[in-house]
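Construct the entire structure; sequences and hints are all you get.
Given next are the chains, with one letter for each unit.
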Amino acid sequence: MATKQKFSISLVFQYLAVIAYILFLGFPFLWMFITSLKTPIELLELDQSLIPDGFYIQNYIDILEKRGLIQSTINSLIVAFVSTIITVLVAVPAGYAMARLRKFYAKAATGWILFSQVFPLSLVIIPLFMAIRSINLLDSLQGLILVYVVANLPFALWMLRGYVASIPVELEEASAIDGASIFKILRLIIIPLLTPGIVATSLFTLLNSWNEFFFALVLIQTPERETLPLTLARFVGSEGQVLLGPLAAGAFLATIPSLIVFGIIQKRISSGLLAGAVKG
Amino acid sequence: MKSPSRAKLYNQDAWLLTIPAFIPLFFLSIVPLVQAIWTGFTDLQAGYDFKPKFIGIENFRRLIGDTFFWQSFRIGIVWAVSVTTLALFLGFGLALLLNQKLRFLGLMRVLSLIPWAMPPVIVAIMWQILLNPAIGPVDSILRLFNFPFADKYLLGDFETAFPTVVVIGAWVGMPVITVSILAALQGINSEIIESAKIDGANAWNRFRYVTLPAVRSITTALVALNIIWNFNSFGLVFVLTAGGPGGKTYLPALFVYNESFKYGNFGYAAAMGIVMTISVILMLVVYLKARERQDEN
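As given, the protein sequences belong to chains H and R, one line each in that order. Okay, so the first sequence: first residue is 126 according to the numbering used here, each after it adds one. Okay, so the second sequence: first residue is 893 according to the numbering used here, each after it adds one.
Watch out, some of these pointers could steer you wrong.
Pairs of lysine-lysine residues, derived as DSBU-like cross-links and limited to a Cα-Cα distance of at most 30 Å, are as follows [unchecked claim]:
1) Lys309/H with Lys232/H
2) Lys1181/R with Lys228/H
3) Lys1154/R with Lys191/H
4) Lys232/H with Lys1181/R
Hints listed in this document are in silico derivations from the structure and should not be mistaken for laboratory results. None of these values were measured; they are calculated from a predicted model.
Here is the structure:
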């Protein structure tokens, strides 16, 4: 601690940097929240104040009453939850197998997962669009769910493989010698131990699907089937420039679920990333 | 010693477990990729009953002379490199601060999550509000510092639109970099730093010879990933500027999107996607080779 005293000038600079970072990172979000609480008259004032005159919740009522916003929230929830459940159901056994398979297969699968990250979505989107169209799922939530499952699978597999690799293999070997099948081992030994990893992976998938924009933009055409990001993006293009209060309110509401989910899993994501990377 | 026969038996069944994941990945990831490459060599256009013809490298020949595409391509490279560089420096700085014993670090950790968790569409909406001269604070703040463009809508001006979008891109990219570098910093054994101090290494030398080598491999991975993500990024800029003003922020992903879904030229757009993919791979190879050469020296 004595060295800290000596470098008091550098300490001042460090605190200035901390303040600058806090403003840069946090202020935009705070300002959006403030804007969402201002009346239309306040928003016309020349100098915008940091503290709104009151809590003008009419902005929130207005945005929720916008045609389609509640419907698109429901759509987003359906797509996010269903695609997450399917992704996890499919990825747990595969992630387990990848962690325990012979090195060659595991390496090939990991290689593909990494390779698939290099391709721009704009390249794959055309055949994907046509594939979804050919099974008549274009402009449907089912089609979007299917695409989200596939889009989330590489990362889910990557994370789960890392979590499985950190479970000692001896337990499974003992059961295998006792004659348990691999399915039984998975169900009775692995899944209970893997629960924290499954929770982290599901929340991450949920967040991705809730936030996703590009696939929804291409695959959904009818307003009734739009997800929340689509509806909000369309609102920006049309009336949003004049209805800034409700727009800020909608943007704030759409962020809350993401922030909550993210707050819960933040530590696990970083450790999951590391687990996937280290336990190769 | 594991008994080999058991291990083998266990491996033989394991592949069955990968089938439910493999089937969707095969049909909606591997097959589309192969089809996309094939499409780049055809004249495929939008429409249900369009019969595509194989036209060889015609799309690529046409693409070479397409100055609009190369303009967008150049914007994409400048964008990817600038955003990655800026986000890396800002994120590295933040990670170093978070690794110190300072106050408000808890608050900063929470705040640094916000850009990561926010949907790209919402990030774009939020920054449009902030930059709006009528209701946002940014122009007043800039006027305080006598910034020359303070009275303009920064996203709508020819000169300021691109740098503004780069700063917003870096704001989005910072958290992942911060968290990953911080994890590497916390992995440094404090005894090494202590013994370096005893050996008389000053702060700069400790940074140069202890800290930097410890974060080197994670930094390489982060730069590579960010180059890929940024070069292909779409949602943020699509909502922020839609490529405007005057094409100043027209990223290649936006270009390909418009070529396919606005003009319906699927084959030509696929050729663009192929060129983008090869370019990303080339950029990565050059970067990783350069890092490797540094390691040898």
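Now the hints, each set against the structure:
{"no.": "1", "hint": "Lys309/H with Lys232/H", "verdict": "holds (25 Å)"}
{"no.": "2", "hint": "Lys1181/R with Lys228/H", "verdict": "holds (26 Å)"}
{"no.": "3", "hint": "Lys1154/R with Lys191/H", "verdict": "holds (27 Å)"}
{"no.": "4", "hint": "Lys232/H with Lys1181/R", "verdict": "holds (22 Å)"}
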